[in-house]
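S.K.: Construct all of the structure, not just a fragment, from the sequences and the given hints.
Protein chains in written order, with the working numbering: chain S, 1 to 1096; chain Z, 1 to 529.
Bear in mind the hints are in silico, worked out from the structure with no lab data behind them.
Even for Gly, the Cβ is constructed at its ideal location relative to N, Cα and C.
Keep in mind that the hints are not guaranteed to be accurate.
If you want the footprint, here are the derived chain S segments under chain Z, 3+ residues with CB under 8 Å [as the list claims (entries may be wrong)]:
| id | region |
| --- | --- |
| 1 | 271-281 |
| 2 | 633-642 |
| 3 | 684-697 |
| 4 | 734-743 |
Selected chain S positions facing chain Z (in silico; Cβ < 7 Å) [unchecked claim]:
| id | residue |
| --- | --- |
| 5 | D645 |
| 6 | R649 |
| 7 | G653 |
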Amino acid sequence: GSYGQDMLSKPVHIKAEKQELREVLHTIERSSQVKFSFVRTLVNGYKVTINVANQPLESVLQQILTPLDITYSVSGQYIILNKKQQPQAQPQTSAHQELLQAEINIKGRVTASENKEGLPGVSVLIKSTTQGTVTDVNGNFEINVPDQQSVLVFSFVGYLPHEVTVGSSSQLDITLQADVKALSEVVVVGYGTQKKVNMTGSVASIDFSNVAQTRPISSLSSGLAGLSAGISVKQNSGQPGSDGATLRIRGQGTLNNSDPLVIIDGVQGNMNDVNPQDVANISILKDAASAAIYGSRAANGVILITTKRGSKDKTTLSYNVRLSQQKPSNLINMVTDYPRHMELINEGFNNSSPQTGPFSQATIEDWRTNSAIDPVKYPNTNWFDWILQKKWAQEHNVSASGGSEKSTYLISFNYLNSPGLVENGGFKRYNARINIESQVNKWLTVGTNTFGLWSNSGLANIEDLFSFTGATVPGITPRDPQGRYGSAMALGENQQANNYLWTLNSTRGDIERQKLFSRFYSNIRFTKSLTLESGFSIDYDNQTRRSIGVYIPRYNFQTEQIWNPNPSTYSVGNTNARAYQTVLNHVIKYNETFGKHQISALLGYQEESYQRNNFSASKSDPIDDATPVLDATSTNPVVGGNATDWALRSFFGRVNYNFSEKYLLEANLRYDGSSRFASSKRWGLFPSVSAGWRLSEEEFLKDVAFINELKLRGSWGSLGNNSIGNYDYQSVYGTSNYSFNGIIVQGGAPAAIANSALTWEKTNISNIGVDFATFKNRLGFEAEWFNKNTSNILIDLPIPLVNGNLAAPKQNAAMVLNRGVELTLNWRDKAGDVNYGISGNFSYIKNKVTRFKGSESSLSNQNIMLEGHPIWSFYVREVDRIVKDSDMEMINQMITDGYTFNPGIPKPGDFLYKDLNGDKKINDDDRKIVDANLNPKVVFGLNLNADWKGFSFSTLIQGSAGNKAYWRDLYLSTGMRNGYQINQAVADDHWTPDNQDARYPRLTNYTYAQNTTPNSDFWLQDASYVRLKNVQLGYTVPVSLTRRFFVQRLFVYVNAENLVTLTPYEGIDPEITALGTTQTMYPTMKQLSFGVNVSF
Amino acid sequence: CQSDLLDTQPYDNLGESQFWITEKHALMGVNAIYNNLTQDMVYGQYFMLDCLSPYAYGYDFFEAEMTSSTTPYSATYSGKWSQLYLGVQRANDALDRIPAMSSLSDAMKNRLIGEAKFLRALHYFNLMDFFGAVPIYETPVVYSEAMKPRNTVEEVSAFIKKDLTEAIELLPVSYASADFGRATKGAAIALRGKTALYIQDFENAENDFKTVMTMTYDLHPNYAELFKAKTENNKEIIFSIQNIATAGFGESMSFRLGTRATRGSCWTNGIPSPTLVDMYENIDGSPFNWDKVIPGFSSMTADQKSVLFSEKSNVEKAYQNRDPRLQTSVIVPWAEYVGASNVTYKLAWPFKSAASPTFHIQHNWNANAIYVWRKFVAVGDESLLREAGPIDFPVIRFADVLLMFAEARNRRIAAPDAEVFSAINKVRTRAGLPALQNTSAAAPTYSATKADMTKRIIQERAVELAAEGVSYSDVRRWKIAEQVNNGPILEFTGKTLKTRVFQPRDYLWPIPQSEIDQNKAIVQNVGWQ
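M.R.: Following this line, the structure appears as structure tokens:
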């Protein structure tokens, strides 16, 4: 066409001396704004010398290419280079038809996966030959191949190469998948997609399609750790079925719910309900510009999850199986030698109050003598060894995808069976998905994303493991060889000491969950540039918990007596919680190019409504353990039930403009109304604007060879947050009943303290970023600076207790600033036969409360909120020393000098706290602010991968720095309590008259406050860490071997999670820390897994 | 599109604008103040407070307080303070709304105002008892403006007196049986007298108690029956917390004070101390003395005593011929107790087995030689739910009024007179003890002087009101806690369990630290800064 002729007449300036042909073509591409399409082998090895100025492209090409037997033709926006055909390989020449009878003629069309449009200029090559052709302007091609076994290789810049065995068909329709790693990557953004080069906001896109097939990730959120800059992932617990993680995008911006908004295939949802193996892509919208389209719920960032689709040209059936075993990545060493334990308890008690130690020396010696002889009667139990079981979990995943001209499908089925770490803690889940899309006619496409899950888990509440096991002693045999459970035996022992193994088994039942999600969508194409996308989804979630208490005796094996009499009353309980969610949306999209001006816009409406209800019933005295239903019970019925709901209505729009893909502009607007606010405070407007400038497209940089891509971008936007209770703004009266003379009467009282002035929390984010690619795109670099200011923060401020012991209302009270930088570096190359890649990411965040209550602070246990300091900074006294005998003279002098001490005057072995304010009163006024909190200042991840001849290796290292944790719980204390475990490190190095330089203070009764009660820096620890999160080694069996079994791909692997952790933190897990003193919670799991992936 | 999509209302609550309209709402609003009485730190676990007196001991509750090693951060203090103030706020809400309501008859309106004033006074009385001078809030206040400084004790007691004086005018003498448990005129007068007694206004205290004594109240003939569900509505009850055996509406006394033998397998969080047990007189009114029953007892070692107690015949005589209330309130060594499934157990020393043939009472202190409570603990299968027992908990009963009257009058006059003797003797006689007198100096019941009578009253209150939670307030208001609350807590063998500590600061609890942190106008109690 005329456009092609225009292209060939473009003036060219070029000077080259013995340069690679490829580089010369590349230079022409950039200086003349044309694009070449060719097979790499076509131009390899040729060197060119040319020196022209202001000559038409056509003549330049003739000069260069004709001597090399290379032809060129214009197709659409591409100039296609081809080997000058030998006579028999000239399919377009009818004169040669008769010579080709022995060959097979193949026709076909190549389309792009993202828009189903024909792709011009795709190279089509017969494998292992130099013969081939290219597609025309509509993506059509025609080629002759020698036989049915011939393999055609399709390749095109920005798309993944594709191979097809010809077989018996003469028509081949191929869809090329966009290569998301390339710079022409298309990124999923709110309500659409966008080319990465045209992005102006801050979006991290993670290709997740292969991650979950080989890593044992049962919850999607926990699998995100270390994969992207700006996102910190903190695993909550390793319990199967509830091992979801807490995600923070660019730090904790608010004081309440800081969870990002998760959108799964266009609908808000819980990412942990998605089968990780179904996920194709995850986009993380970090700045306001990209997130503002989600307005009021986007303040903590947005995570967009796209599940896999079928493709038109390729049918794949794959089966993945995995076996894995897990154990806690760390445990706390407790004293397991019971005689030693008893001595330490006595020591602590006697230090506080002489002669109150509960154990006689005879009891202790008796135990010491007999434990070797009869470990059932005289046990020295290591509880963790008993409780944590090592069993294999298995996961199977079958998925099939494919399609035809008009429709595509993906179906998958996943089965996970994890026996759990403790008895009665198993988890079984079935997960199924159907994604179907069908093009009904030219203008209408409809589709669905539907998935369901059914899971069943044991009642063991793993969160109890550590609290129960902290309150026990080594002197209990958990279970004897006959299966009988033990109780405390030593005279003087606390009879209440737990046997968690017994606890786990004395309630039977299960938790069953069903979830069904279905979204139906349609896409109406009015004109080429105007479409309407509509969708409606319903999400149904039903969870049922069934339990029955059963009587299991616990024995004192020394006396053979049953410790716990049959309480003769057991309860059968059923609870049921249901949630419904419906979402309706309509989005009109407009997309048009006017010369070099590209405009796209969208306008949308959405309404969402959420309802939850629950019902519970319990009744006592079942006929028997074997009749665990309510109808089999007789007494004391207790029932309850409630319901809540909330709704959101939104209008939103976006405009994108770019000039020649060089100057980029975008603006978003969302107007949200939430039922959670009073009608006068309900509506919020959330705008954003952003702009980008691709410097690498400018004339002055075009000739700079080492710059492949350089883009500057900046954005500003405002986002909201409404994470408060559904009815918090309303003053309401709830039931508060009483009885008179045996009859229950109704009472009504304020159910909560309400704040009717509640309104949106607002977050303004400014973002400046640079994208840079060099070394022929092998090195990619992104840097971002952001400033995230959250105002009107909805916060639970403590209120005066004279208001009564009701929960404090939320208030729009504070302003918090998060400012930081994020760096991402990617390197991908080939060395010999080894392909390798390195990617690193690093984020630094500074968190500061910028406005609160002026110079006034708010205190919550060890933490303080005060302007100028990070959110909930630590607020602690400073321990001067552990007082030695020789220090007592000084202490006495202090008393003489008028010092007072709170809680008390230190005795030898106690902490002496510093008088930081110099008022001679050593008390809580001496607390200081430590400018650190639970959240890391630095988060980083490093991903290395390499493959060589079918072998693949990848590893992920991840860590954080600057976060601290206050650890002083059941597992670390110098306060001895009868019936509770004792930390081995404390046992080994606490103060005694003979150990004056001890690490820990002296042992005392746990009620003694001096060392354990005041919040002090002694118990504050640095929880920075570096963790080898994942290592994986895999091997792909060569296709030549597997093909005869009809297997396209056979991949076997071994994978290890959380293998090594380096940290100064002594608690159970630096990744799992919390506000408060209790840090011993379910840690991350060390997992080892083996698996096989087979595709047909 | 649904036009009211965003107008959601809670399903389980009524909006503020929909409440305080009908008579039912007014009743509900007042009932909710009664409901607050059942909170743990109001009256729900009030019986556990005996652990802070010399007469009881326990674990899980008040452990650090027993050794005076708490700080103002302790949840005990913030719990007590905030739970009591919640009652005040509910009463303020009712007293702010009900007078303006038009849907009520004047009679009902007056009664409800009277009830609300009584209940507000009861909450403030407890605040004053534990914290001393507290800020007075008498109208609803915006939560962020609740920043008043402390009033003085005089102002607080005057405020309580004013509320009660108004309540006395408004409240009925009694109710129809369905409303048993509501505040009455008698309850308000008795509480006003108690308030006066606590601030040592003995004259007004005496007058109010005297008024109550002229009303229809009387002692229930049988002390043991007082604490049983089936006889709980008797003439002796002036005001009690109403409990029934339904989850959420019952007491946990069996759970906290009962043993493993008690139905539901209970925890024995609180136990009576040997100090209390030894206070029960001999049946002739003379003080109990171990050495008189078991010669040489006081000079025996703990090990020797342990051997002694291991034989029923050695020690049973020590518990015979005593104030009958001893065995009614306490299970002593080798005494029997009918537990779950009507099995008869006994409190053995040392414990061997809960099973046949020994049937020893098993409890969470089996290594220790301790007494356990019988008072308030369910027998057999009479209470099915260990944490929802049916027994009403007495706040003020007539025996208490009689003893407070005797105390107030004894403090006011030079020596105990007939009125004093009459009051205390009613309580003693009901229990089965001989009357005190000032005529026969040789008899063990002779108590002629003011000091003698004071001693008798201390003793009588300890044994009569055991496990009712008031002993802790008694030893504090008499300012004797430093003498009686310091020293070892013993097992019955004399072995030390723990050392009890009481410092001068402990006469009042600290204002919770978080209140001080927020409200700079509040000054901490002495000794707690």
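S.K.: Would you check whether R649 (chain S) satisfies its interface hint, that is, whether its CB is within less than 7 Å of any CB in chain Z?
M.R.: holds (6 Å)
S.K.: Is the coverage entry for the region 734-743 of chain S by chain Z consistent with the three-residue Cβ rule at 8 Å?
M.R.: n = 10 at 8 Å, threshold three: holds.
S.K.: Closer than 8 Å Cβ to Cβ for three or more residues is the test here. Does the region 633-642 of chain S pass it with chain Z?
M.R.: holds (count 4)
S.K.: Apply the coverage criterion to the region 684-697 of chain S and chain Z: a residue qualifies when its Cβ sits closer than 8 Å to a Cβ of the chain, and three qualifying residues are needed.
M.R.: violated (count 0)
S.K.: Are at least 3 residues of the region 271-281 of chain S within less than 8 Å of chain Z when you compare beta carbons?
M.R.: The restraint on the region 271-281 of chain S is violated, since only 0 of its residues have a Cβ under 8 Å from chain Z and three are required.
S.K.: Hint check: is the beta carbon of D645 (chain S) less than 7 Å from a beta carbon of chain Z?
M.R.: At about 5 Å, which falls below the 7 Å cut-off, the nearest Cβ of chain Z leaves the hint on D645 (chain S) intact, so it holds.
S.K.: Per the CB criterion, is G653 (chain S) less than 7 Å away from chain Z?
M.R.: violated (18 Å)
Of the numbered hints stated above, those contradicted by the structure are hints 1, 3 and 7, listed in ascending order.
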